[in-house]
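Since the structure of chain A is already known, use the hints to place chain B on it.
Chains as they are written, first to last, in the working numbering: chain A, 421 to 759; chain B, 9 to 216.
No lab work stands behind these hints: they were computed from the structure. Virtual Cβ for every residue (Gly too), placed ideally from N, Cα, C. Misleading hints may appear alongside valid ones.
Listed below are several chain B residues computed to face chain A (Cβ distance under 7 Å; list not exhaustive) [unchecked claim]:
1. G22
2. F27
3. E54
4. V57
5. Q58
6. M65
7. R66
8. Y158
Negatives, chain B to chain A, calculated, CB over 10 Å [as the list claims (entries may be wrong)]:
9. A90
10. K95
11. A177
12. L181
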Amino acid sequence: MSRHGSSNAGHEPADEQALRRGLHAEPLSPAAMQRIRAATEAEWRATTRLQRKHGPWLPWAAAAALAMVAIGAGWWVVSNGARADGAVLGQLVRTTGVVNESLSFGRVRPIAAGSPLRAGQRLQVVGNALVDLPDGGTLRLASATSLQILSAATAQLERGVVYVDIPPQSTANADFAIVTDAGEFAHLGTQFEVAVQGERTQLRVREGEVAWRRGELETRAVAGTSLLIAGDGRSTRQSIATTGRDWAWAEALAPDFDIENRPLAEFLQWVARETGRRLVIADAATEKRIAATILHGSIQGLTSLEALSTVMQTTALHFDLLEGVIRVSSRGALPPVSN
Amino acid sequence: MTDEQQLVAKMQAGDAQAFGEFFNAYAGRLAAFAARRSPLDSSAIEDIVQQTLINAMRNLAQFRGESTLFTWLCQICRNQLADVRRKLARQPEMQSLTDVVQATQANVPVQLLEYRDPLDECAADSTRSAVRRSVNALPPRYARILELRYGDDLSVAEIASVLSLTESAAQSLLARARSAFRDGWCADDDSGSGDLHGSGAAAAENPS
Chain A
421 MSRHGSSNAG HEPADEQALR RGLHAEPLSP AAMQRIRAAT EAEWRATTRL
471 QRKHGPWLPW AAAAALAMVA IGAGWWVVSN GARADGAVLG QLVRTTGVVN
521 ESLSFGRVRP IAAGSPLRAG QRLQVVGNAL VDLPDGGTLR LASATSLQIL
571 SAATAQLERG VVYVDIPPQS TANADFAIVT DAGEFAHLGT QFEVAVQGER
621 TQLRVREGEV AWRRGELETR AVAGTSLLIA GDGRSTRQSI ATTGRDWAWA
671 EALAPDFDIE NRPLAEFLQW VARETGRRLV IADAATEKRI AATILHGSIQ
721 GLTSLEALST VMQTTALHFD LLEGVIRVSS RGALPPVSN
Chain B
9 MTDEQQLVAK MQAGDAQAFG EFFNAYAGRL AAFAARRSPL DSSAIEDIVQ
59 QTLINAMRNL AQFRGESTLF TWLCQICRNQ LADVRRKLAR QPEMQSLTDV
109 VQATQANVPV QLLEYRDPLD ECAADSTRSA VRRSVNALPP RYARILELRY
159 GDDLSVAEIA SVLSLTESAA QSLLARARSA FRDGWCADDD SGSGDLHGSG
209 AAAAENPS
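Isolated chain A (complex conformation) (with noise of 0.2 Å):
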């Protein structure tokens, strides 16, 4: 391209769009930008709270809010009736913080753990937050999302970031989608995750696939696959990794899994699964080793990988991490397992 006068491409001339293509910087993802929003309103939150505390002005707050409790109450006994009561989508497990309900005259109402949340409900998440849906799987929510439950299995994402997980196998939450402004996110038995910031819309697939359906059309994303939707629905492909950081705050807020008297085996594909990796055995002789083996005991508490690396202390196996693989091998010269 000449640097002298007018491009032939298009209105803009050459310096102008050299400026652009010069000045212009890659977004950061959505995800990205919902994490960086949560730290940022963690420490917001901790400081305000902090000047409060030990701010001059705590009799004119202690006035107004009881001048807000007189007015809420009025509220209360006008709008007690707007509480949710349709199908159950899933039960809330736990949060790190709070989910709160809004209601109506901008109230909101915190949920407990153990709620069934119900369609016709909004919840705005302060904290992460992990759902269970009936019949399995799970619905985990970061902190800052915004989410309307439309029905059993459907919920509008109007900001933050959410991620599915429902075993390829199950056939109970077989229509479940994330509805955004730029369309509806459909499970193909699957794990991935759906971000919304401002008029952007990311989905990433990690496991399975996934259907993208706008009015009449539909596009389909697997596993390893990021589509990156522009206000105006112009969507970017590219790859993406199934492991790392950007999956950790899911990989947080997984569920308990309960290993006493359950299969080796079911434990290791529960963690490949959590952690989205392959399990990979090494041998023949590694297989029937992991099938002979029935765990006892608990990892409440721990993180997947932490899990992991406890149990096969117990065990006579060995396991590397390797690139989006979890191998799992004999540790040395050790006696055949007998049947």
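Relative to chain A, chain B alone:
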């Protein structure tokens, strides 16, 4: 009290809507600001932007409106970038950037109204490097307005607001900046130097 001072005051009072406005208005632009000044990958830029905004939250009370809020944030971000660069230069091998960023203490921002703020020139393609080198050679006011217009894609009205200028003054400044850029860019081309004809291995300036 300016609009930005009011926004900060609301945030200090715990207004969640004000926080949302602040984040939506500045986080994306800050990420672009950092990315234009660093060859680091997106996960490192994410860390830098996050640490910048966390430091900003800790020092909100120090924003007194002597510069725009974005200029103030850029100053914190610049300190953050410089810290990371210094640490990476000292320990060029096997140093986790996460550790570097986490170990960084809160930077108390210094408010500067005018600054020399070079763009990173180690860009992936030669045209981009050449443009950035030309922009770096311009007076700071020119470089700033070109970045706002063509990097952040702001309208003249938005630029006028950011730079506290009238629209006509912003339009005039932009025209002068474009003209200066064109002169430098063409001169660079005529001399046959730079990445257009060369290897593309331009070195990044060391920000001071």
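Hints and how they fare:
1. G22: holds (4 Å)
2. F27: Holds, because the Cβ-Cβ distance from B/F27 to chain A comes to roughly 6 Å (cut-off 7 Å).
3. E54: holds (5 Å)
4. V57: holds (6 Å)
5. Q58: holds (5 Å)
6. M65: holds (4 Å)
7. R66: holds (6 Å)
8. Y158: holds (4 Å)
9. A90: It holds; B/A90 is separated from chain A by about 18 Å at its closest Cβ, greater than 10 Å.
10. K95: Fine: 19 Å to the nearest Cβ keeps B/K95 off the interface.
11. A177: B/A177 clear of chain A: closest Cβ-Cβ about 20 Å, beyond 10 Å.
12. L181: holds (15 Å)
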